[in-house]
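So the sequences go chain by chain: A and B.
Be aware that the first sequence starts at 0, since it is given in numbering that gives the first Met the number 0, and climbs by one per residue.
Be aware that the second sequence starts at 0, since it is given in numbering that gives the first Met the number 0, and climbs by one per residue.
If you are wondering where the hints come from, they were derived from the structure by calculation, not from laboratory data.
Keep in mind that a hint or two might mislead.
Claimed, not checked - Selected chain B positions facing chain A (Cβ under 8 Å, derived; list incomplete):
#1 Pro31
#2 Val40
#3 Asn220
#4 Val222
#5 Leu224
Just so you know, even glycine gets a beta-carbon here, dropped at the ideal spot from N, CA and C.
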Amino acid sequence: MQHKLLQAAEASSLRTDALEFEIGDTVDVHQRILEGDKERIQIFNGVVIARRHGGTRENFTVRRIVAGEGVERTFPIHSPKVAKIVVKRHGKVRRAKLFFLRDRVGKATRLTERLTKKGEE
Amino acid sequence: MVAMNSPLGFKVFDMSCGLLGRKVGMTQVFTPQGEAIPVTVIECGPCVVLQIRTVERDGYSAIQLGFSDKPRRLASRSERGHVAAIDSKRRKSLAAAGVAVAEKADCEPKRFVREFRVTPEEASAFTVGQVLTVSQIFGEVKHVDVVGTSKGRGFAGVMKRHNFHGTCASHGVKKVHRSGGSTGQSTDPGKVFKGTKMPGHYGDAQVTVRRLQVVRADDENNVLLVRGAVPGYSGGFVRVRKTNCK
């Protein structure tokens, strides 16, 4: 249970448009990048393998394979730099942390697609 | 002494009086640009002016503040009598003799009472019983000093206490991996010099962190957000004052 004054201090930094995604989802993370004084959007695509902490410190980790090498990026959920998240595909998973994917290569890294919403059959 | 009205409608004073508070804990907030700022949340005020020290009576000029209510059943009679007038024989006899008794703030007893030294001119802006809030004191302030009590480490060795390197992990070292080694020479000087760094009690001492940036002063929740860390445990009492660092 977090102190109510900590919550009050964090309240203004929490994002109002909740990012909706689940663990195992394949997502596009739209990130704002400032180049000089021009802003552009960079997209990072991958599987959400973890979501941790709470309040303003909450973040999620996205893993993808780039040129045969695993790449993981962690994004703060409440950062204004994260513009939006587009869910491309739901993965069928049974745990909250998908670190087992790190030990897998090739076809074994794929997750079964889940076509229904969570909680529905 | 500059008094002016802030845009928020509070009277803002240019003064060196600080505030008392309690460390709540650390978190992070984001700037609109997306920069994450590590902040310490300090529950700061409201503080009641309990007493004004004057050069004529006390020999120095200061403002005494009280923070955080203490239940009356836990407060001693002297603590209760310090903040509000309570009936006493002495008070009656003083009144009968026509002697002026000290003004009281007329508030609940306080857990944390400290003084801030101010100049007599600055002190004249305060009255006993006045309630000071965080935006009144720190609304216009960019940087503050925070004085707290550091976490107690108990009897600590030299590696923790003085950042010694200890001795080797191998090369024949036995049982003295964290020892400080030699503390002196031989017959000449034949003693251990005073001030030699040795194991001992560490922490639980007054520590001041200077020039912390004020991120936000929020009157609604009585919260002050400063960038960076503050000494002591969460829940520990701290003193906050406007810094005199450049």
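Interface hint status, Pro31(B) versus chain A (Cβ within 8 Å): Cβ of Pro31(B) sits 6 Å from chain A, so the hint holds.
Using 8 Å as the Cβ threshold, decide whether Leu224(B) counts as touching chain A. At 6 Å from the nearest chain A Cβ, Leu224(B) passes the 8 Å test, so the hint holds.
Chain A contact restraint on Val222(B) - CB to CB distance below 8 Å: Result: holds, 6 Å to nearest chain A Cβ.
If you take the shortest Cβ to Cβ gap from Val40(B) to chain A, is it below 8 Å? Hint holds; Val40(B) Cβ to chain A Cβ min 5 Å, cut 8 Å.
Under 8 Å is the threshold here; is the Cβ of Asn220(B) close enough to any Cβ of chain A for the hint to stand? Status holds, d = 4 Å.
Every hint from the earlier list agrees with this structure, and none is contradicted.
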